[in-house]
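Enquirer: Please build the complete structure, drawing on both the sequences and the hints.
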Amino acid sequence: MLEGLVFIVMGLIAIVCAICVVFQKNPIYSAVFLIQTMVSLAVLYVLLHAEFIAAIQVMVYAGAIMVLFVFVIMLLNLSSGDVEGGKDKLILQKTSAIILGLILFAVIGVVTVKTVLHGTQGEYTPEYISRIGNTQLVGKLLFTDYVFPFEIASILLFAAVLGAIILAKKEIKE
Amino acid sequence: MIPLSWYLILSGILFTIGVIGVLTRRNAIVIFMCIELMLNAVNLAFVTFSRQLNSMDGQIFVFFIMTVAAAEAAVGLAIIVALFRNKGSVNVDDMNLMKW
Amino acid sequence: MDLIGYVLLFPIIGTIINGLFGKKLNTSLVGIIACTAIGLSFLVSILVFIDLLKLPPESRLFEKEYFLWIGSGSFKSIAGLQVDPLSTVMILVVSGVGFLIHVYSIGYMHGDDGFYRYFTYLNLFTFAMLLLVLANNFLLMFIGWEGVGLCSYLLIGYWFEKKSASDAGMKAFVVNRIGDFGFLLAIMLIFVTFNTIDFTEVFLAAPEHLEVGSIVATMIALLLFLGAVGKSAQIPLYTWLPDAMEGPTPVSALIHAATMVTAGVYMVVRCNVLYMLSPFSMTVVAVIGGATALFAATIGLAQNDIKRVLAYSTVSQIGYMFLACGVGAFVTGIFHLVTHAFFKALLFLGSGSVIHALGGEQDMRKMGGLKPHLPTTYKTFLIGTLAISGIPPFAGFFSKDEILLEAFTRGSLLFWGLGGFAAFITAFYMFRLLFMTFHGKSNMDKHVEEHVHESPMSIVFPLIVLAFLSVVGGFLGFPAASAINDFLAPVIGGGGHLAMADGGEAHHVSGRLMYSMMGLSTGIALVGIFLAYVMYIRNPDLPAKIVDKFKLVYKIIYNKYYVDEIYDATVVNPTVKSSFFLWRVIDVRVIDGFVNGVGRLVELKSEVLRLFQTGYVRNYALSMLFGGVIIIICSLILL
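Residue numbers (my numbering), protein chains in the order written: chain A, 2 to 175; chain B, 1195 to 1294; chain C, 349 to 987.
Simulated from the structure, these hints should not be mistaken for laboratory data.
Where is the CB? At the ideal position from N, CA and C, for every residue including glycine.
Treat the hints with care, as some may be off.
[Unchecked claim] Facing chain B, a subset of chain C residues (Cβ under 7 Å, in silico):
hint, residue
1, G963
2, Y964
3, V965
4, R966
5, A969
6, L970
[Claimed, not checked] DEER-style ranges, computed between Cβ atoms:
hint, chain 1, residue 1, chain 2, residue 2, range
7, A, K171, C, L959, 34 to 42 Å
8, B, D1251, C, Y968, 32 to 40 Å
9, A, I9, C, I980, 24 to 32 Å
[Unchecked claim] Capping the alpha-carbon separation at 25 Å, the derived lysine-lysine pairs in DSS-like fashion look like this:
hint, chain 1, residue 1, chain 2, residue 2
10, A, K26, B, K1281
11, A, K170, B, K1281
12, C, K371, C, K510
13, A, K171, B, K1281
Expert: Structure representation (structure tokens):
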């Protein structure tokens, strides 16, 4: 009962904040609302017994990545009217986007409601997880079964850092 | 316990909002944030499936998605900064060089 | 005999040195390099000749194979050189006369801007000609054949700033193409028939494979002859040779008198086995040869350009050679080829000397009375004229007389009549040339006359050597003990495989017939000379009167029977017109129209389609979403 209440409250907050992300004129507000969405999603992850994911959702996503966003917005010093002040040149873009989005949602809904997820049940039941601990399990899997993707991810991050530096650095004029 | 399909519906709603945001907004940074929103919706779906199937794979997947999202955010924001330097704007409509 | 490769090596080295560095070297060095190359080639030829003489006559065939040139399936062509009496005679003539003409060219071309270019071409020509005669298979011979054609084109159009010269080069090239086409077809047919293109193998296989008079043999022989007709300027493809006189005179002497144009004769003789298998094609060769001999001679009567007269006489003399080949006297044909190379080169070089002395004047009507000015040239020229007219004991007498004799004994009275009449005309117009140029009163321009001088040593020396050869050359084929007959006999009839070979058959003709024929042909020549003397020395007004009387005939002959005009009207113009049609209508309108139309269509459609390409990323994303939704819906419905 409490679980259902938490889901409804957090789900509503997430949806409302997501809508605000899209419709806020000022990007800094969008960023703040996005953080709120992410935090409420983190709560939902806890409900789903994915505590580790919930933790890094708050720390990495809502913390690090979103700080990066805010930082860039501050850096570029964009105010609300600067970007989207004028009239949209693509007249039908907004309408058709919303219509198509609704159709997409309808399709997703149909798929979700109508189809039953077939799949072999794994061994990681909530009881099992709570006995060992979610974080320990994730850590164990990452360094055993998924060690190769894990190492690849480190290379990816390294490449991303290099790319970001090269892209963003000022060109040195002779 | 609430049915897991509710989570999926919520995920669908967030994803749709993200799509609409990408398509309607003109500010590159906001578009980028909407993409993050879509990623989050997908993450929610992954965790839900993981829960449903009693498998850890979905959560591991989310972990990697976050890694990629972090990399993407770094590079993407760098691109936006570079664009702003060159064009003086982050309006995607100003960047219509794909048409000759 | 292993040295044979060097015969080819020296000219090509000369070509390479002069071609690459000639522009930087000074002119005398260029000349020395070119002459040394050919001179060494000539020396090697002599060595090869001596080697060959040491062997017994039956085994005088030596093939040196160098490498597998083309090997594709059953087709095989081994690049190699073939030394036998025939090719040896040819390389001696080519390198020997070639050497003299190279020396002559140093004097003649002195001061020309393209000196090094000239000698590069000339060396290259010598190389190609030697390759032609030394090749051991048809394809290699064809390379040489095309090589000489190319050099001929380059040298005719040597003064390419002059439109007539470059046109003449083009004409020669195009007309030769017709013949080469036949030659190439013949090579293909030979390969299909015998599965080889090696001379020795083909000639060994031919009598076994083909019956006498079979269609394939006739086809091969006629196609080869088409090639020969083009290269050797016979009816109907002779028109390029007179125009080829636009080239420098030594070129006319070397290429268009002594060597290249006789390549056709050489080829027919080389393939004599094939011709003997086809009596019909032999008759064709004889008829074309005889007809050309007479036809070209009559044109020569009315020409006023000194070189053109000689050009027509060349055509006519080659006609003689083919006449000889056509009646089966292949050796005689080669004999005449050799003597002709001597005296015709002499005549051309002599005319070159005259032209040189007169500062480029070629019209005989503006010459006359040159005898005291150019004594050496006159003497040598006189020898050449006597030789071509067939006055004993000069070279032309023996060979021409032998042809007439062969034509009479082996062919028919008709062939003899053609040849005899042509001989009469030849004697007449050659002495007309001599008289108009060297005798009588001077018609030269005043300021030209003041500068007339005997030519320098490098010009006179070859004249003297060639004059000497023109005197003694005939004794190679002295009727009683014909050295050239014995020497060449093994080549004829596939080394004695064919019984009807010519060999020493000439000896069987009864002595009385032989001597009466000799007397008769000498008499014919003397009558011709006398007539020329009457008309151009004693009675200079006579020609004009005769022309007046036979205006129409004169006009036709003067205009070379309008053959060029007829060709223009029947072949050239329709070709040009239809080409224009193909260009303007088919190509520009139809093909280009189609291609452009497709392009225009795409362009028009694109004009509509490009509206979808707004250039806005958001728009593209929308399309992506649309597509994605469609795909999901589809998969929902279908699955």
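Enquirer: For each hint, tell me whether it holds in the structure or not.
Expert: Against the structure, the hints:
1. G963: 3 Å, holds
2. Y964: Y964 (chain C) check passes; min Cβ-Cβ to chain B is 5 Å, inside 7 Å.
3. V965: 5 Å, holds
4. R966: Result: holds, 6 Å to nearest chain B Cβ.
5. A969: 6 Å, holds
6. L970: Since the shortest Cβ distance to chain B is 5 Å, the answer is holds.
7. A:K171 / C:L959: 34 to 42 Å: About 39 Å separates the Cβ atoms of K171 (chain A) and L959 (chain C), which means 34 to 42 Å holds.
8. B:D1251 / C:Y968: 32 to 40 Å: 33 Å, holds
9. A:I9 / C:I980: 24 to 32 Å: 28 Å, holds
10. A:K26 / B:K1281: 21 Å, holds
11. A:K170 / B:K1281: Holds. K170 (chain A) to K1281 (chain B) sits at ~15 Å (cutoff 25 Å).
12. C:K371 / C:K510: 22 Å, holds
13. A:K171 / B:K1281: 14 Å, holds
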